[in-house]
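Engineer: In case you want the letters, here they are:
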Amino acid sequence: MSSSAVNSQTDNKNRSSTEKSLDSSFIWLTRILSFLVAAVLLWIAIRVGLQAIPAIQEFGWSFMTGSSWNPPEQQYAILPMIYGTIVSSLIALLIAFPIGVACAIVLSENFLPQSVRRILVFLVELLAAIPSVVYGLWGIYVLIPFLKPIGSWLHQNLGWFPLFSTQYVGPGMLPAGIILSIMILPIITAISRDSLASLPPELRSGSYAVGSTRWQTIFSILIPAAFSGIVGGTMLALGRALGETMAATLVIGNSNALNFSVLAPANTIASLMANQFSEASGLQRDSLMYAGLILFAITLVVNIIAELIIQKVKKY
Amino acid sequence: MPTQEQQNSRSQTSQKEEMILKAEDVTVYYDDFAALRGVYMDIPRNQVTALIGPSGCGKSTLLRCFNRLNDLIDGCRVEGKVIYRDKNLYSDNIDAVEVRRRIGMVFQKPNPFPKSIYENIAYGARINGYKDNMDDLVEKSLRQAAIWDEVKDKLKQNGLSLSGGQQQRLCIARAVALKPDVVLMDEPCSSLDPVSTSKVEDLIHELKEEYTIVIVTHNMQQASRVADMTAFFNAEEGESGNRFGYLVEYDRTEDIFENPQEESTKSYVGGHFG
Amino acid sequence: MSSTTYNQQDNLSNLEASNSRPRTIIGTLLTVLAFTLLGVALLPLGLVIAYVIIKGANRLNLSLFTELPPAAFQEGGGVANAIVGTLILVGIAAIISIPIGVLAAVYLSEFAPKRVARWIRFATNVLSGVPSIIVGIFAYGVIVLRTDSFSAFAGGFALAILMLPIIVRTTDEALQIVPQEVRWASVGVGASNFHTVLKIVLPAALPAIVTGTSLAIARAAGETAPLIFTALFTQFWPNGLFEPIPSLSVLIYNYATVPYDNQRELAWAASLLLVLLILLASVISRWATRKSVY
Chain L
1 MSSSAVNSQT DNKNRSSTEK SLDSSFIWLT RILSFLVAAV LLWIAIRVGL QAIPAIQEFG
61 WSFMTGSSWN PPEQQYAILP MIYGTIVSSL IALLIAFPIG VACAIVLSEN FLPQSVRRIL
121 VFLVELLAAI PSVVYGLWGI YVLIPFLKPI GSWLHQNLGW FPLFSTQYVG PGMLPAGIIL
181 SIMILPIITA ISRDSLASLP PELRSGSYAV GSTRWQTIFS ILIPAAFSGI VGGTMLALGR
241 ALGETMAATL VIGNSNALNF SVLAPANTIA SLMANQFSEA SGLQRDSLMY AGLILFAITL
301 VVNIIAELII QKVKKY
Chain B
1001 MPTQEQQNSR SQTSQKEEMI LKAEDVTVYY DDFAALRGVY MDIPRNQVTA LIGPSGCGKS
1061 TLLRCFNRLN DLIDGCRVEG KVIYRDKNLY SDNIDAVEVR RRIGMVFQKP NPFPKSIYEN
1121 IAYGARINGY KDNMDDLVEK SLRQAAIWDE VKDKLKQNGL SLSGGQQQRL CIARAVALKP
1181 DVVLMDEPCS SLDPVSTSKV EDLIHELKEE YTIVIVTHNM QQASRVADMT AFFNAEEGES
1241 GNRFGYLVEY DRTEDIFENP QEESTKSYVG GHFG
Chain E
2001 MSSTTYNQQD NLSNLEASNS RPRTIIGTLL TVLAFTLLGV ALLPLGLVIA YVIIKGANRL
2061 NLSLFTELPP AAFQEGGGVA NAIVGTLILV GIAAIISIPI GVLAAVYLSE FAPKRVARWI
2121 RFATNVLSGV PSIIVGIFAY GVIVLRTDSF SAFAGGFALA ILMLPIIVRT TDEALQIVPQ
2181 EVRWASVGVG ASNFHTVLKI VLPAALPAIV TGTSLAIARA AGETAPLIFT ALFTQFWPNG
2241 LFEPIPSLSV LIYNYATVPY DNQRELAWAA SLLLVLLILL ASVISRWATR KSVY
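Chains as they are written, first to last, in this note's numbering: chain L, 1 to 316; chain B, 1001 to 1274; chain E, 2001 to 2294.
The hints are simulated quantities; they were obtained by calculation from the structure and are not laboratory data.
A short, non-exhaustive set of chain E residues, derived as facing chain L with CB atoms under 8 Å:
| # | residue |
| --- | --- |
| 1 | R2023 |
| 2 | G2027 |
| 3 | L2037 |
| 4 | L2103 |
| 5 | L2108 |
| 6 | A2123 |
| 7 | G2129 |
| 8 | G2141 |
| 9 | I2161 |
| 10 | T2224 |
| 11 | I2228 |
| 12 | A2267 |
| 13 | S2271 |
| 14 | S2282 |
When the alpha-carbon atoms are kept at most 35 Å apart in a straight line, the in silico DSBU-like pairs for lysine-lysine are as follows:
| # | chain 1 | residue 1 | chain 2 | residue 2 |
| --- | --- | --- | --- | --- |
| 15 | B | K1199 | B | K1109 |
| 16 | B | K1109 | L | K312 |
| 17 | L | K20 | E | K2114 |
Just so it is clear, the structure is predicted and the values come from calculations on it, not from any experiment.
In this text, a Cβ means the ideal position worked out from N, Cα and C, and glycines have one as well.
Chain L with its partners taken away, still in its complex shape:
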């Protein structure tokens, strides 16, 4: 026993040079892979940029300002899709922000016992895990019919308002915005809840001790203190909504005409790409790549801002 231990020790000493090289090559391997992961972002940017070059050369800036997408004429511009992308995401934010923050409040304050809260947190996470194509399918057959009376009412009573100026035909901006809001709500809730829960508990007791009610504490002390986290989460959610494809594609109606009414069919950059790619070739395919590059640039900016805000919060 003791001799073998001694043996193995001398073995170890003999092996130490191989072991050293094994050790350093292991560290190098992890280092290379780690930089590779970071480099993927750059790689995507370069690759997507290269694929877009033919269309950029053809259309330049007018690609973003023109509004006709016309394959027979080989004329491509995506202003309606940029509009649709932004408006559907804003509708989604408008709905998801108040609901998401309310969920974060209920799930971070002591309204409910810990065990019940844990289950609810799990359910909200599950909401984020449902595949977007399933939401899309559900949107076509459940949400769109459900919204019909609401859409018709909006048009009949508020039709003078440009946003409701067309008949509700089913697929369109409104159902797309609602589906997107369901999908981004868990992001807002998760990050807002994190930043509310990470506030020091003395802040709460300090506020209660000067005679605040629970809701005065929430609105006047906790939400202002957690504000940047909530904003960061909302930006992240916006980035997700801008780039979301399948759910939007199935319910937005894929109309390439610019229409201000949220009841009318519209299109987003992502759903344009998903829809036309399989039949496209030549300049049309290049134009889809250009559209992809623009979407990538928009979401990149939004995500970088979101991450910067969230990173700052973590320091505090």
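Position chains B and E against the provided structure of chain L, taking the given hints into account.
Structural biologist: This is chains B and E only, laid out in the frame that chain L set:
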């Protein structure tokens, strides 16, 4: 200014000492475990009462009963009565928020709100329906907390930018701005340096004129310096191995320190004080 | 004394709770509102799951798992090829992304200088926000255009890119939680970095890594957008790694808008399978979290 009537009543009660807070058989449970057991204690008006004892003896727990801050802790339950001016704070029909507006609190770690110095004072006053000149109240409260001269030129700055000692005095100003009857202090000097500590102790002496103060402290010297009355709590091993606290002895401060009746008081005070 | 400026001062009856007090009413209303909004948030979850079960359950039979999808006017059929395809795609993605992701995370938490780690973490987080459709056209450019064919491999590659940041982040977080003393103990008995990481640190963090990986797999299994640029779809059985391959998610997309009831029912049934898969992954990840040591 106190009215004639109030003055009369004060002078009368000073002979038999008016009691503003009374704990009657208070037992505090965390989940199923009674962490503090059977406390009877009367707190006299306009005096400083210190709660001392080893850690885990329940002195902070008792303090938090006096303004129902224990309500915030999951699984915490209080039995017995806490009488504040003839009202039992733990009876069903009492509004805990109102209680906290009359019984202020200063915490172990300074916890100013992440707002301006001015807003730190004004926030509590505003939600309590204060309608007079806010600037006056802010100045008066900061003066009472002996911090006015240090901050008068930077009222718009964030309260968190102050030093620890200043933050704690800001928190005291925040508490007195509500004109509470009682100010509870939970080891207010434990995170402060000696200079700030002596400033806060001086402040406690002054505040006594207007307020009743109940202070939890680890520091024997501090208790003997600031307190009129002192209560000694001790902890014992409970049936499940958890430690529970109870009140051992409660008397005038000089009696507790010079002539304690109980052995455990004597050894605790002696060990820490001699 | 300025006691009059606080209108409630010295009026002890105020101590008593009253339901008619404005702030009591406002507080109750806000609480009710918050709970209502929580209900509104969870309602779609319940409705989606309910509809997927109602519309998909009647096709949940053996032929769903054994038969090929039907043509337009055919009856019956199943989604067997898409199930196999999804498993293959996710398998390729896992084989690529798990080793890379875990080792990259090892560098971040064990060896990297703080500044470098911060930048790489930042890039990883931004990568996780890149829309999946962009990853799709990226994989299209990198693989499909080079090999001149839509393929299972290209689809798996796209899914791997989507899984990568999730795996890196969860592994990185898990490794950071492992206490420093454990590493010192290992190094103290003369273990090399390689041994310390492989034999001590990674096993300690394993439950959390399993959690992250199963969440990443669940997300990849439901992805559709990148696959229509890479893996495409076929009506037939998968036929090698460098051929187009069917998947559940693309099947749902294709059949969602067709006018044929039979195919639409299969879309619902495929949705049910995906939702069940995701529930399974969530349960596994919860279970793994509970096993966690630290």
